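J.: In case you want the letters, here they are:
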Amino acid sequence: MTVIDLQIAARNLTKHTKRNLFLGGAIAAVTLLLVLMGGLTQGMRTAMLESATTLMTGHVNVGGFYKVTSGTSAPLVTEWQKALEDTRRLVPEIDYVTIRVRGWAKGVSERASMDLVLGGVDIEREPRFRAALQVVEGSIAELGKPDTVLLFEDQARRLEVKVGDAITLSAPTSRGVNNTADLRVAVIARNIGILSSFSAFMPAETLRRLYRLNDRTTGVLHLYLKDPARSAQVAARLRSGLAQAGWRVMDPDPRPYWEKLFAKVNAEDWVGQKLDVTTWEDELTFLSWILSAVLGITGILIFILLVIVVIGILNTLAIAIRERTREIGTLRAIGMQRRKVLLLFLLEAGLLGLAGTVTGALLGLAVAGGLNAAQLPVPESIQMFLMQQHLTLAVPLRSVVADALFVSAVTTAAAIVPAFHAARLRPVTAMHHIG
Amino acid sequence: MTRTSLRAAAALLAAALAQPALALDQAETDALVKTVDQRQRSSGDYKALCYMEAKERDKTDVVYELVVYRREAEEKLMLLFTRPKSEAGKGYLRLDKNLWLYDPSTGRWERRTERERIGGTDTRRGDLDESRLAEEYTARWEADEKLGAYSTHRLLLDVRPGVDVAFPRIRLWIDAASGNVLKRQELALSGRLMRTSYYPKWKKIFSESKAADVWFPEEMRFYDEVEKANSTLILIRQVDLRSLSANMFTKAWLESKSR
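First to last, the sequence lines map onto chains A and B. Take any residue in the first sequence, count from 1 to its spot, add 9: that is its number in the numbering used here. Take any residue in the second sequence, count from 1 to its spot, add 25: that is its number in the numbering used here.
Among these hints, one or two may not hold up.
To be verified - The following label-pair restraints were derived from C-beta to C-beta distances:
| hint | chain 1 | residue 1 | chain 2 | residue 2 | range |
| --- | --- | --- | --- | --- | --- |
| 1 | B | Glu167 | A | Tyr105 | 29 to 35 Å |
| 2 | A | Tyr105 | B | Lys110 | 32 to 38 Å |
| 3 | B | Ser234 | A | Trp298 | 54 to 60 Å |
| 4 | B | Lys235 | A | Val280 | 33 to 39 Å |
| 5 | A | Glu169 | B | Ala237 | 49 to 55 Å |
| 6 | B | Leu120 | A | Gln242 | 38 to 44 Å |
| 7 | B | Glu167 | A | Arg246 | 24 to 30 Å |
| 8 | A | Phe271 | B | Ala98 | 30 to 36 Å |
| 9 | A | Arg139 | B | Gly145 | 33 to 39 Å |
| 10 | A | Arg239 | B | Leu120 | 42 to 48 Å |
| 11 | B | Thr131 | A | Tyr105 | 41 to 47 Å |
Unchecked claim - Over the 12 Å line for every Cβ pair with chain B, so calculated as not near, a few chain A residues:
| hint | residue |
| --- | --- |
| 12 | Leu42 |
| 13 | Gly80 |
| 14 | Thr87 |
| 15 | Thr107 |
| 16 | Pro181 |
Think of the hints as simulated: they come from the structure by calculation, not from any bench. What you are looking at is a predicted structure, and each value in this text was computed from that prediction instead of being measured. For glycine and all other residues, C-beta sits at the position ideal for the given N, C-alpha and C.
Full structure from sequences and hints, please.
T.: The structure is reproduced here in structure tokens:
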């Protein structure tokens with residue numbers, strides 16, 4: 010490939026400006042869409058990782074279930090100090106660990122009730138917890154006092170309570186005995202997507218009292234790694250390591266603990282303690298369907314647009330070949346090899362694709378930057394799905410380059426058949442072509 | 026002090042002195058609780074048609090019809106929902122210490138806790154099962170008092186160590202004349218009142234296996250004391266103490282009835 014080849018390809022493109030602008034615009038639109046949708050899913054994923062790994066899950070979790078009888082289970086880890094000791098020995102990559110109590114209860118106010126998934130936190134030991142929440146009313150520091158609860162806006166609205174009001178939590182203990190706790194609403198936090206529709210937080214000690222847990226029992230160990238990308242490997246190592254250390258460990262099952270509690274564990278015929286090692290992705294599978302849905306819709310859209318682009322390229326090159334048949338014949342007659350003709354047409358498509366994708370990618374970056382700067386508020390009904398309060402697109406340069414290369418490759422590949430057809434023309438036939 | 030006031034003071038004193046004499050001692054209290062259990066026990070098989078009306082705040086009232094089957098000698102229990110249509114075929118079956126729920130729409134059996142709320146209402150498995158108060162609780166006499174027109178013994182029952190029950194403490198108002206439970210309060214571990222139940226109508230039916238009468242509450246009213254707007258009414262009809270088929274208390278039988 011020489012500079013002259015490139016010049017010929019570029020000249021051919023500029024000769025039919027209108028047609029190629031239209032096609033290049035379509036390629037740019039596909040790239041733009043790919044970049045924006047990629048930015049949206051990445052933004053959702055980042056938001057999910059940031060908020061959820063602070064509120065709901067560690068990068069890796071050592072949780073589990075304790076069953077008094079086959080039909081009565083609770084999300085508990087007994088002898089958690091030993092489990093933590095074994096975990097620290099097995100995972101040197103741990104940055105820090107938080108200890109949480111897990112639970113489920115019916116929250117009842119004077120006027121309404123709702124089911125709540127409860128997290129028992131030690132607010133003094135979890136500085137990141139404060140940072141992950143935006144307080145609407147009250148103070149997070151109040152959560153350090155016993156018998157308090159943090160609700161999200163929607164929950165407070167549903168229960169018709171404000172800061173200072175009382176709610177009653179009603180839940181069975183791990184032995185199935187009913188118990189209650191009267192709590193004061195200390196904080197109302199801003200909604201953070203689907204997580205806030207059912208999760209509420211309270212001091213760990215208060216939750217322990219509700220469930221009548223002893224000091225040796227807790228809900229889960231949240232492990233935060235220096236490199237969260239290693240979660241899956243660490244979880245796999247922990248599972249086998251803890252099993253070798255004598256713990257009964259559940260098989261990997263990518264579902265959040267509360268789904269297992271209600272749908273799986275009770276149905277299994279065992280009693281006693283089993284540990285369940287999960288990653289943050291396992292615990293958030295109930296959210297990942299949203300990501301999958303967005304990715305699926307993006308995929309379908311991109312596919313349809315790419316098909317249109319490919320048909321456009323086939324059509325454009327077919328017209329170009331028809332228009333330039335005599336030119337091809339002359340070039341072949343003065344000694345141009347078939348391979349060169351093929352290369353010329355591929356170059357033409359490649360250049361068109363590259364110009365379109367670069368334009369689309371740059372536009373995508375600009376639009377994403379503009380949207381991020383505008384801090385567009387996301388309607389509450391959609392916050393639940395996007396996991397964001399303000400529309401934020403995460404557009405890493407690497408994925409933009411990958412998107413542009415992918416679309417360029419597809420457009421170039423689409424030109425193979427017509428280019429091959431042009432290369433196969435016999436010089437004599439081509440020169441006599443009347444078109 | 027006038028003669029009238031002296032008489033009144035004497036009457037009050039007599040009443041105060043007479044009060045302890047009405048108190049039940051521990052042996053009498055234990056016997057009374059055993060009697061409550063015994064009167065309801067058929068010692069054979071039991072079948073009853075049951076209507077359950079559940080009221081919940083902001084929800085439409087729901088009425089369920091179900092058939093309760095019991096084989097008391099083997100501590101077996103089966104509940105088969107027959108109405109409404111959406112619930113028909115659902116059933117609970119207790120085998121040994123496990124309570125199973127069958128859902129015909131999925132064809133799956135799910136193990137549930139013995140303290141399950143039946144059909145999501147305020148009704149517990151224990152409300153439809155054999156009375157085992159003496160086995161599960163230790164009783165203490167609290168007071169004798171009037172409950173409407175009835176003279177009752179008020180007892181406080183605490184769960185025995187190692188026994189798992191839904192409510193660790195219950196309070197009973199037992200009709201002094203008939204020995205029927207008229208009112209029951211159930212308390213949580215925290216001491217909070219969770220549910221109040223009333224048993225306004227009792228009926229008896231002769232049991233051949235027991236060779237004596239078996240008493241059953243024809244009407245039970247449960248009031249949720251935490252979610253005040255929720256309540257459940259249970260009516261028990263068509264009690265039949267004849268022997269049931271030997272192979273009834275099986276998953277296969279319940280599934281066959283669900284088809």
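J.: Against each hint, give a clear statement of whether it holds in the structure.
T.: Status of the hints after comparison with the structure:
no. : hint                             : in the structure
1   : B:Glu167 to A:Tyr105: 29 to 35 Å : 53 Å, violated
2   : A:Tyr105 to B:Lys110: 32 to 38 Å : 55 Å, violated
3   : B:Ser234 to A:Trp298: 54 to 60 Å : 56 Å, holds
4   : B:Lys235 to A:Val280: 33 to 39 Å : 35 Å, holds
5   : A:Glu169 to B:Ala237: 49 to 55 Å : 53 Å, holds
6   : B:Leu120 to A:Gln242: 38 to 44 Å : 43 Å, holds
7   : B:Glu167 to A:Arg246: 24 to 30 Å : 59 Å, violated
8   : A:Phe271 to B:Ala98: 30 to 36 Å  : 34 Å, holds
9   : A:Arg139 to B:Gly145: 33 to 39 Å : 38 Å, holds
10  : A:Arg239 to B:Leu120: 42 to 48 Å : 46 Å, holds
11  : B:Thr131 to A:Tyr105: 41 to 47 Å : 43 Å, holds
12  : Leu42                            : 40 Å, holds
13  : Gly80                            : 4 Å, violated
14  : Thr87                            : 17 Å, holds
15  : Thr107                           : 27 Å, holds
16  : Pro181                           : 7 Å, violated
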